[in-house]
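Protein chains in written order, with the working numbering: chain A, 2 to 149; chain B, 2 to 149; chain C, 2 to 149; chain D, 2 to 149.
A couple of the hints might just be wrong.
Note that identical chains are pooled: a pair holds if it fits in a single copy or bridges any two copies.
As the list claims (entries may be wrong) - Below, computed lysine-lysine pairings styled on DSS-like, alpha-carbon distance capped at 27 Å:
#	residue 1	residue 2
1	25	131
2	131	113
3	21	130
4	134	21
5	96	55
6	143	113
7	21	131
8	25	134
Because the hints were derived from the structure by calculation, they are not lab data. None of these values were measured; they are calculated from a predicted model.
Protein chains: 4
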Amino acid sequence: MSRLSYIDNLEEWASSFHFKHPVKVRFSETDMFGHVNNTVLFTYFEETRVEYFKRMGFMQIWLHDTGGEIPVVADLQCDFLEQLYFDDEIDVHVKVARIGNSSVDLHYMGTKAGRVCFTGRGTIVQISKKTGKSVVWTEEMKRKMRVF
Amino acid sequence: MSRLSYIDNLEEWASSFHFKHPVKVRFSETDMFGHVNNTVLFTYFEETRVEYFKRMGFMQIWLHDTGGEIPVVADLQCDFLEQLYFDDEIDVHVKVARIGNSSVDLHYMGTKAGRVCFTGRGTIVQISKKTGKSVVWTEEMKRKMRVF
Amino acid sequence: MSRLSYIDNLEEWASSFHFKHPVKVRFSETDMFGHVNNTVLFTYFEETRVEYFKRMGFMQIWLHDTGGEIPVVADLQCDFLEQLYFDDEIDVHVKVARIGNSSVDLHYMGTKAGRVCFTGRGTIVQISKKTGKSVVWTEEMKRKMRVF
Amino acid sequence: MSRLSYIDNLEEWASSFHFKHPVKVRFSETDMFGHVNNTVLFTYFEETRVEYFKRMGFMQIWLHDTGGEIPVVADLQCDFLEQLYFDDEIDVHVKVARIGNSSVDLHYMGTKAGRVCFTGRGTIVQISKKTGKSVVWTEEMKRKMRVF
């Protein structure tokens, strides 16, 4: 499988993000090889995705006590373009790449001092907490995702 | 991008693993949605991969003080087929899918009570600690990976 | 504050544990100083405490959907007697030190190859999920904690 | 052992901090009980302590390649005064409570909207990476800790 299969043109792709969230590497996120442990980037993905969904008003719906739906991760992938280190300041960018009936494909990009250091993508599905089955987006939700 | 693009035939693929490592979901690995947080599976991947590399004698080389090489993760992906919960007992399977000059493509499969609950893949590259450049496998290392 | 204030006589104290749970240090639990990150031991405490409470039948009550009570951590402390490293095999011991009305004081001890490498203690309180107020133990629960 | 044994007068103690670091609770830091998992606060302690040591110029010394010393945690304790939740914005305060020959006792306080939600303390010891033995502070380091 070729890497970066979800990116046609890196420059074009990189310039298409309009939402970013800053993170700073914690000491506890390094490992004995001296760099950031690979599992940590998925935490950055989640933190950024959650901020993005908050901005769209989605988290508020999903976290509401009587809300019957939650978002679940269907798949995730990350390409590690360069090693990251303790105290690095990173901007994590996220965007909607494709909207499905009950799912959305998100793309991620990490930049350090303006240079791309990791990329990624993954599908989120809205499901019913009770049945575990997927639940279609409302038109309002689709509209918000398109606008963002 | 279609999911499970790295699997031609699931049954055939699932039966081709010969190494597994048991993990049990920790309470601290759950999140407020009541299931295992998505970032945790990559920790299971790493734990299993490390046991696999120990069995092949590779970790011993990489962790040796005077060793100049370390393995780094070039990319990772995971498909979450079902939600996992606190106290679940999971077998994480790993296998070599393709051997490159200085890299190896690993496939992962999680099973719970014999049922596949997640799959994944990712490339590991051997690099020089000093230069950060990739370092080709020795013939002995390639032989071991082929045998395993 | 003197260290180990919760231990009168280390030998006597160490011999009073009757429950232990094995853990093996994960690669992702190390940090760039080459040893296990300090925050990780509290994960081991929790994993062991949870196994202990499962043995007593308490987790089953707390995790039951209609159960109104959950255990929360009121305080925790850990004394790090020696550094731990990747792949170390550790036995984490736990015991009931004092039973309160709605709380229980637990003591912890980590041993590596029979040598004590960390000690700790902490209070768990049973509270109502709804009100957040403490809920007294049933006589049956107290009896089980005394027997264990 | 009485709780908060390291605090004589809470109001006086709370007003004696002069360094704080903001953290925001990540989704992945919650657990299935719906609140922040107890182990996470020690990560906040570390993140804040590291920022504090950076401000004093200590991290720069310890992280320098040729530096022979590193700080290790000798003990840690935390009192959880109230439950924390996803998205909570917390200020973590830290201060030097006592300076030893090669160690320093730090106190921690977490506040949410100005209200104290957790407190803690712990000793850090400077050791030699090579021998593992404690290494006394230089006069310059002691001076900086006193001033801060």
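Quick rundown of the hints versus the structure:
In this homomeric assembly, residue 25 and residue 131 come within 27 Å of each other (Cα to Cα) only across copies, at 24 Å, whereas the closest approach inside a single copy is 37 Å. In this assembly of identical chains, residue 131 and residue 113 lie within 27 Å of each other by CA distance solely across copies; the values are 21 Å between and 41 Å within a copy. For a Cα distance limit of 27 Å, the shortest separation of residue 21 from residue 130 qualifies neither inside one copy, at 29 Å, nor across copies, at 31 Å. Taking the shortest alpha-carbon separations for residue 134 and residue 21, neither the intra-copy value of 31 Å nor the inter-copy value of 30 Å comes in at or below 27 Å.
Taking the shortest Cα distances, residue 96 and residue 55 sit within 27 Å of each other inside one copy (14 Å), while across copies they are farther apart (34 Å). For the identical chains of this complex, residue 143 and residue 113 are neighbours neither inside a copy (31 Å) nor across copies (35 Å), given an alpha-carbon limit of 27 Å. Taking the closest pair of Cα atoms, residue 21 and residue 131 never come within 27 Å of each other, the shortest separation being 33 Å inside a single copy and 32 Å across copies. In this assembly of identical chains, residue 25 and residue 134 lie within 27 Å of each other by CA distance solely across copies; the values are 26 Å between and 36 Å within a copy.
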